[in-house]
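Note that the protein sequences, when read in sequence, are chains B and V. Note that my numbering gives residue 249 to position 249 of the first sequence, counting from 1, and the numbers run on in steps of one. Note that my numbering gives residue 168 to position 168 of the second sequence, counting from 1, and the numbers run on in steps of one.
Misleading hints may appear alongside valid ones.
[Stated by the list, open to error] Covered stretches of chain V, going by a simulated chain B footprint (3 or more residues, C-beta under 8 angstroms):
#1 75-83
#2 93-106
[What the hints assert, rightly or not] Simulated crosslink set (EDC-like; lysine to aspartate or glutamate; CA at most 16 angstroms straight-line):
#3 V:Lys105 / V:Glu155
#4 V:Lys78 / B:Asp142
#5 V:Lys105 / B:Asp142
[To be verified] Examples of chain V residues lying across from chain B (beta carbon under 7 angstroms, computed):
#6 Leu50
#7 Asn86
#8 Thr88
#9 Phe90
Derived by calculation from the structure, the hints in this document are not laboratory data. All of these numbers come straight from a predicted model, not from anything done at the bench. Quick reminder that beta carbons are idealized off the backbone N, C-alpha and C, glycines included.
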Amino acid sequence: MNGALEATLRAVGGPLVAVGRHVFDIYSVFAQVVTALLKGAVRWREVFRQAYLIGNRSLFFITVTLGFLGLISVYQVASQIQRILPDFTMMGPAFIQLMWREFAPTITGLMVATRVGSGIAAEIGSMVVTEQVDALRMCNADPVRYLIVPRTIASAVMLVMLTIYAVLVATLAGMALADVVFDVSPSTFVSLQLVSPRDVALGLVKAFSYGFWIPIVAGQAGLAASGGSAGVGWATTRAVVSSSFAVILLDFIISGIGYAVFNL
Amino acid sequence: MIEFIDIHKSFGPKRVLKGVSLTVDQGQVLYVIGSSGAGKSVLVKHLVGLLRPDSGRIILDGRDVTWLSEAEFYAVRKKCAMVFQNSTLFDSMSILDNVALPYRKHFRLSRDEASRRALDKLALVQMEDAARRFPGDLGDGLRKRVAIARALTLEPEFVIFDEPTTGLDPVAAANVDALIRSLRNDTGVTAIVVSHDLRSIFSVADRIAMIYDGNIRLDGTPQEFRASDDPVVSQFINGRADGPMKI
Ligand SMILES: Nc1ncnc2c1ncn2[C@@H]1O[C@H](COP(=O)(O)OP(=O)(O)OP(=O)(O)O)[C@@H](O)[C@H]1O
Ligand SMILES: [Mg+2]
Numbered sequence: 001m002n003g004a005l006e007a008t009l010r011a012v013g014g015p016l017v018a019v020g021r022h023v024f025d026i027y028s029v030f031a032q033v034v035t036a037l038l039k040g041a042v043r044w045r046e047v048f049r050q051a052y053l054i055g056n057r058s059l060f061f062i063t064v065t066l067g068f069l070g071l072i073s074v075y076q077v078a079s080q081i082q083r084i085l086p087d088f089t090m091m092g093p094a095f096i097q098l099m100w101r102e103f104a105p106t107i108t109g110l111m112v113a114t115r116v117g118s119g120i121a122a123e124i125g126s127m128v129v130t131e132q133v134d135a136l137r138m139c140n141a142d143p144v145r146y147l148i149v150p151r152t153i154a155s156a157v158m159l160v161m162l163t164i165y166a167v168l169v170a171t172l173a174g175m176a177l178a179d180v181v182f183d184v185s186p187s188t189f190v191s192l193q194l195v196s197p198r199d200v201a202l203g204l205v206k207a208f209s210y211g212f213w214i215p216i217v218a219g220q221a222g223l224a225a226s227g228g229s230a231g232v233g234w235a236t237t238r239a240v241v242s243s244s245f246a247v248i249l250l251d252f253i254i255s256g257i258g259y260a261v262f263n264l
Numbered sequence: 001m002i003e004f005i006d007i008h009k010s011f012g013p014k015r016v017l018k019g020v021s022l023t024v025d026q027g028q029v030l031y032v033i034g035s036s037g038a039g040k041s042v043l044v045k046h047l048v049g050l051l052r053p054d055s056g057r058i059i060l061d062g063r064d065v066t067w068l069s070e071a072e073f074y075a076v077r078k079k080c081a082m083v084f085q086n087s088t089l090f091d092s093m094s095i096l097d098n099v100a101l102p103y104r105k106h107f108r109l110s111r112d113e114a115s116r117r118a119l120d121k122l123a124l125v126q127m128e129d130a131a132r133r134f135p136g137d138l139g140d141g142l143r144k145r146v147a148i149a150r151a152l153t154l155e156p157e158f159v160i161f162d163e164p165t166t167g168l169d170p171v172a173a174a175n176v177d178a179l180i181r182s183l184r185n186d187t188g189v190t191a192i193v194v195s196h197d198l199r200s201i202f203s204v205a206d207r208i209a210m211i212y213d214g215n216i217r218l219d220g221t222p223q224e225f226r227a228s229d230d231p232v233v234s235q236f237i238n239g240r241a242d243g244p245m246k247i
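Turn these sequences into a full structure, and let the hints guide you.
Pasting the structure below:
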């Protein structure tokens with residue numbers, strides 16, 4: 001009886017402890033990043049290089065993904081509207097509002113989490129297993145400050161820009177489909193009557209937070225890599241899973257705060 | 001003087017060091033030998049705070065450095081340099097920037113001043129022509145030379161070489177041996193060298209320590225190693241396939 005209880009506790013507790021430690025490790029990287037930012041110890045040259053890389057790596061993905069998302073969601077919504085109330089005037093405005101508030105930042109965030117998060121973990125992870133991170137520490141260069149801080153700034157700024165771009169792409173795709181398939185004119189579709197500055201702010205706050213956290217989560221996975229190239233593979237997988245999860249979690253938290261506090 | 005006192009270190013369930021004690025006197029060159037995975041790199045990384053022991057103490061020049069904070073360790077790393085096993089250079093930086101980095105970080109020199117001094121250091125190892133190239137473009141032997149130049153930028157009192165001759169051709173290896181010897185003779189550096197290279201071991205070492213199964217198996221002069229009748233020691237230094245060593 002006791003043995004069974006112990007085994008159950010162990011089976012439940014083991015993963016819980018592992019998750020708890022993981023969250024603590026991520027938090028400690030976060031704290032170091034914030035400390036470095038407050039001290040103003042930022043390598044701006046590296047920030048620009050990373051921003052360029054992040055933009056470059058994500059642009060194509062985001063164009064394709066958000067383009068399809070625009071096509072599909074307008075098609076689905078318009079099909080429903082057609083059956084119930086064949087009036088398409090509010091479809092475009094509602095679509096654009098939804099894009100700003102939710103889909104553009106979050107889908108873009110997920111794309112960056114996979115594409116850029118995996119890259120960060122692989123790069124930092126291989127620096128760990130080839131002792132480059134140790135060498136940085138020997139040179140009095142703090143790995144978090146040196147490697148992760150520039151990426152957080154670059155990715156936060158780039159995610160904001162990519163989100164604006166994503167809204168644009170999705171709207172254009174949706175507009176084209178609405179025009180061709182459902183005969184909704186572009187001037188009816190593209191209307192900002194439902195979009196308030198608050199919606200835009202909510203979307204951009206989300207984008208900024210995702211962008212800030214992805215390199216922290218992915219970078220921590222990379223720094224925790226051990227044991228050769230297999231370790232780098234594990235770190236990369238973990239980075240993608242954890243940073244995608246972080247995006248969803250942040251989405252929930254920010255939406256919740258937005259609703260509860262700012263009545264958005 | 002460097003003292004390791006009863007160092008224990010495990011990674012998860014794997015017990016790597018099980019109570020290693022070792023002393024290196026001032027101006028001495030100590031070679032640490034042992035089979036692959038014995039924990040040689042793990043041991044030496046404790047000295048500069050890259051790893052922390054589960055228990056035990058590390059004394060450097062009479063000061064207990066075991067539990068210094070990361071920030072306090074920076075001062076230790078200034079006087080105790082390390083050349084890594086993978087001749088670790090930063091892939092994303094030019095050779096010159098690699099060597100200049102310790103000047104910029106430890107001494108807070110400007111980029112130009114650091115580069116100027118780095119170029120001088122590179123000239124010492126005949127590598128000034130490669131300054132603008134990247135580590136990926138260089139062969140192992142040249143990378144090793146740059147890594148050594150970078151470690152010596154700070155004119156350290158203590159140097160750790162982790163397998164400095166592994167993967168080098170015999171001439172390049174002899175050059176590294178000569179460099180270690182001249183560091184000791186001319187500048188009085190105290191060095192710990194991790195190595196498998198029997199020829200360098202017996203031509204340079206003042207003392208040798210062999211790690212086996214998480215402990216120091218034998219700690220003595222090269223003569224004592226040659227004369228040892230411990231079957232494990234003699235199997236290792238004679239490079240025989242059959243014998244009592246567990247792999
Ligand atoms: N950060 C780490 N996490 C987990 N295990 C580690 C870590 N570092 C070292 N180990 C393990 O500790 C053991 C000793 O490793 P170490 O690198 O010290 O060996 P070594 O004696 O230097 O061997 P080699 O001659 O191959 O370099 C190995 O089994 C290695 O897998
Ligand atoms: Mg080693």
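Going down the list of hints, with the structure as the test:
With 4 residues having a beta carbon nearer than 8 angstroms to a beta carbon of chain B, the segment 75-83 of chain V meets the requirement of three or more and the stated coverage holds. Interface restraint, the segment 93-106 of chain V with chain B: holds (4 residues with C-beta to C-beta distance below 8 angstroms; minimum three). Using a Cα cut-off of 16 angstroms, the hinted pair V:Lys105 and V:Glu155 holds, with the two alpha carbons roughly 15 angstroms apart. For the hint pairing V:Lys78 with B:Asp142, the CA-to-CA distance comes to about 14 angstroms; that is within 16 angstroms, so the pair holds.
For the hint pairing V:Lys105 with B:Asp142, the CA-to-CA distance comes to about 10 angstroms; that is within 16 angstroms, so the pair holds. At about 5 angstroms, the closest approach between the beta carbon of V:Leu50 and any beta carbon in chain B falls short of 7 angstroms, and the interface hint on this residue holds. At about 5 angstroms, the closest approach between the beta carbon of V:Asn86 and any beta carbon in chain B falls short of 7 angstroms, and the interface hint on this residue holds. Interface hint status for V:Thr88: upheld, as the beta-carbon distance to the closest one in chain B is roughly 4 angstroms, under 7 angstroms.
Among the interface hints, the one on V:Phe90 holds; its C-beta lies about 6 angstroms from the nearest C-beta in chain B, closer than the 7 angstroms criterion.
Of the numbered hints given earlier, the model fails none.
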